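Trainee: These are the residues of each chain, in order.
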Amino acid sequence: MKEQTSIPTGKVERASRFVATGLKVGTNYLKHYTRKLIDPSTSREELHADNAEDIYDTLSNLKGSALKVAQMLSMDRGMLPKAYTERFAMSQYSAPPLSGPLVVNTFIKTLGKTPAQLYDRFDMQAANAASIGQVHKAMKWGKELAVKIQYPGVASSVRSDLRIVKPFAIRIVGMNEVDMDKYFDEIEGKLLEETDYRLELRHSIEVSAQCSHIPNLVFPTYYPELSSDRIITMDWLKGFHLREFLERGPSQEVRNKIGQALWDFYQYQVHALRKVHADPHPGNFLMREDGTVGVFDFGCIKEIPEDFYVNYFLLVDKGILKDETRRREIYTNLEMIHPTDTEKEIVFFSGLFQKMIDMLTLPFTREEFDFGDEAYFAEIYNYMEYVSNLKEVRESKVARGSRHSLYVNRTYFGLYSILSDLKAQVVTSQTRIMELIERAGVRAGKAEPLPM
Amino acid sequence: MEKKDIRDTYIKYWLENGKRPVSVYAFCQQMSAQEAGFYDNYASFEALEKDIWRSYFEETLLKLKDDEVYRNYSVREKLLAFYFLWIQQLRENRSFILLQRERFLLPGDHLGRLDSFRHAFYDYIRDLIKEGYQTGEIKERKFISDQFVHGFWAQALFVLRYWIKDDSERFEMTDAAIEKAVNLSFQLIGSGTLDSILDFGKFVFAGK
Numbered sequence: 128m129k130e131q132t133s134i135p136t137g138k139v140e141r142a143s144r145f146v147a148t149g150l151k152v153g154t155n156y157l158k159h160y161t162r163k164l165i166d167p168s169t170s171r172e173e174l175h176a177d178n179a180e181d182i183y184d185t186l187s188n189l190k191g192s193a194l195k196v197a198q199m200l201s202m203d204r205g206m207l208p209k210a211y212t213e214r215f216a217m218s219q220y221s222a223p224p225l226s227g228p229l230v231v232n233t234f235i236k237t238l239g240k241t242p243a244q245l246y247d248r249f250d251m252q253a254a255n256a257a258s259i260g261q262v263h264k265a266m267k268w269g270k271e272l273a274v275k276i277q278y279p280g281v282a283s284s285v286r287s288d289l290r291i292v293k294p295f296a297i298r299i300v301g302m303n304e305v306d307m308d309k310y311f312d313e314i315e316g317k318l319l320e321e322t323d324y325r326l327e328l329r330h331s332i333e334v335s336a337q338c339s340h341i342p343n344l345v346f347p348t349y350y351p352e353l354s355s356d357r358i359i360t361m362d363w364l365k366g367f368h369l370r371e372f373l374e375r376g377p378s379q380e381v382r383n384k385i386g387q388a389l390w391d392f393y394q395y396q397v398h399a400l401r402k403v404h405a406d407p408h409p410g411n412f413l414m415r416e417d418g419t420v421g422v423f424d425f426g427c428i429k430e431i432p433e434d435f436y437v438n439y440f441l442l443v444d445k446g447i448l449k450d451e452t453r454r455r456e457i458y459t460n461l462e463m464i465h466p467t468d469t470e471k472e473i474v475f476f477s478g479l480f481q482k483m484i485d486m487l488t489l490p491f492t493r494e495e496f497d498f499g500d501e502a503y504f505a506e507i508y509n510y511m512e513y514v515s516n517l518k519e520v521r522e523s524k525v526a527r528g529s530r531h532s533l534y535v536n537r538t539y540f541g542l543y544s545i546l547s548d549l550k551a552q553v554v555t556s557q558t559r560i561m562e563l564i565e566r567a568g569v570r571a572g573k574a575e576p577l578p579m
Numbered sequence: 162m163e164k165k166d167i168r169d170t171y172i173k174y175w176l177e178n179g180k181r182p183v184s185v186y187a188f189c190q191q192m193s194a195q196e197a198g199f200y201d202n203y204a205s206f207e208a209l210e211k212d213i214w215r216s217y218f219e220e221t222l223l224k225l226k227d228d229e230v231y232r233n234y235s236v237r238e239k240l241l242a243f244y245f246l247w248i249q250q251l252r253e254n255r256s257f258i259l260l261q262r263e264r265f266l267l268p269g270d271h272l273g274r275l276d277s278f279r280h281a282f283y284d285y286i287r288d289l290i291k292e293g294y295q296t297g298e299i300k301e302r303k304f305i306s307d308q309f310v311h312g313f314w315a316q317a318l319f320v321l322r323y324w325i326k327d328d329s330e331r332f333e334m335t336d337a338a339i340e341k342a343v344n345l346s347f348q349l350i351g352s353g354t355l356d357s358i359l360d361f362g363k364f365v366f367a368g369k
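In order, the protein sequences belong to chains A and B.
Its first residue numbered 128, the first sequence is counted upward by one per residue in the numbering used here.
Its first residue numbered 162, the second sequence is counted upward by one per residue in the numbering used here.
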């Protein structure tokens, strides 16, 4: 019975799983090209589906940070072919559960009591998975509570997991290694923060209080006395995840209300709080038929540095963009072009970026925007796919785009993709954001005109 | 003299001196007791050390049996709960165990030191396995099933060694290791995987 003494827990074993997947993906390509030789009509969709499946299987076995990376990749729909996205989107919902005894053990270790002693009722069966933990339903004080529990050893394995995921991610996303390094630092920092449930609890309480005035948003109450660095207890929110919600056929009016609430929530955070709930994957929102939406999971908060904020939103200003020198200055500040670039590269890349920004910021320039406009998203996806396949982009040896843009872009991508699924019509005007900020009574200094 | 007092004093001696007392006589002096009293309970320091390991196990089991939740667990969960609690029990004695590490982790030698614990553990596991047959969590197979206890013993030793080397916060990597090890073992004995492995092995060796 020797196999029981060699449990795959170490880095090497994890790495070997990835190697196995790498091999499988390689084989899929081989299969694809052979099939193509025999039958030239074979589509790449099929290949992508094969790959996504194998990659997904590997990632869901690994849990923890690898699952998080899967989630992250699944967010950037624009960067990934459709098949990858579908398959990865599943990872946002389910992962194998923690055993009952381990749950009890975590309670005893961090709160000194068993769940039975702490709550009136505690469901041992997890209600759902939360990427680096799972959520249980409980009762106390006559209230239904959601108790989030972290998998043991997540923090310890984040670093080694990421190192293993990296070469793999380069393959999938098609980014070069230099780019990846810069971004992986950022991701690593954020992931480590996410494993700190005390920090998350603080963020959650803070941000929910600051955003409580936004219409149709619902935040749970958090219970610090029933939380530790591995456990968070909050109110149980009713509602449905995006996909289930849409299956119930909500009316256009309800979808608009929810879309508007989400739009307001993000605009307010970015422009007034200068920090943002940077994890807008559908699992973090619960939607209800009365047009309200529950928001939780503030594990990933991105603080937006002032100079990045100013430069990023200057790009939306058509007036400034006409000034060639000013424009290049902004691009340089955002690390999209570098002083070492040749004139040809500058023209090429700034052209690409401007086109991308024009597309992504289109809603900002309108009074109202219909996110159900499929042509708009198809155009974005096609353009992204076109850009990522460009020889110049693939072979670019320098990182393009500030590290801060990673989470800010991801946030907007995530928001857009939810709004697009909702087919929501949203008031996107600048006056609406200004009103929200004024209503919150933010200090006069902060309520200066937005640079957009 | 109570057995428990002797065990506690002996552990305390180790913690303070980092070695075994020179003789039973010297040890009894420390306890201000007669040497004969010691021998009424233990024949030697070896016997005493064996009993310490057994007592960690017995105390764990005692706590589990009192627990209502434990009784309602499936067999897999029972074993998990046992390991978690056992490790908690050991944690209270970590210094002593680390001092003893070189002695019981030597191949061959540890079998002696952990002997009484092993016998008690085997009894416990046999009961669990029987329960597993009834709940259907474990498939009964001729000859092979009898060997399961040895597998679980190897697993217990794995957990012990992992915990001894573990330097993560709150030993949470050990928690993860236990969870994974137990899940794997139950997947192996609950399905036909093990049969297939053995069948394949037999084929390879016999089919030459």
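Hint data in this document are derived by calculation from the structure and do not stem from the laboratory.
Be careful, since some hints might not be right.
Distance windows between CB atoms, simulated [to be verified]: (1) LEU176/B <-> GLU430/A: 40 to 50 angstroms; (2) LYS363/B <-> GLU371/A: 47 to 57 angstroms; (3) LEU319/A <-> GLU219/B: 39 to 49 angstroms; (4) VAL230/B <-> LEU373/A: 53 to 63 angstroms.
The list that follows gives simulated cross-link-like pairs (lysine-lysine, DSBU-like), each with its CA atoms no further than 30 angstroms apart [as the list claims (entries may be wrong)]: (5) LYS341/B <-> LYS240/A; (6) LYS303/B <-> LYS240/A; (7) LYS363/B <-> LYS326/B.
Computed from a prediction, not measured in an experiment: that's the story for all the values here.
We put the CB at the ideal spot given by N, CA and C, even for glycine.
Trainee: Hint by hint, where does the structure go against what was stated? Just the numbers, ascending.
Mentor: 4, 6 and 7
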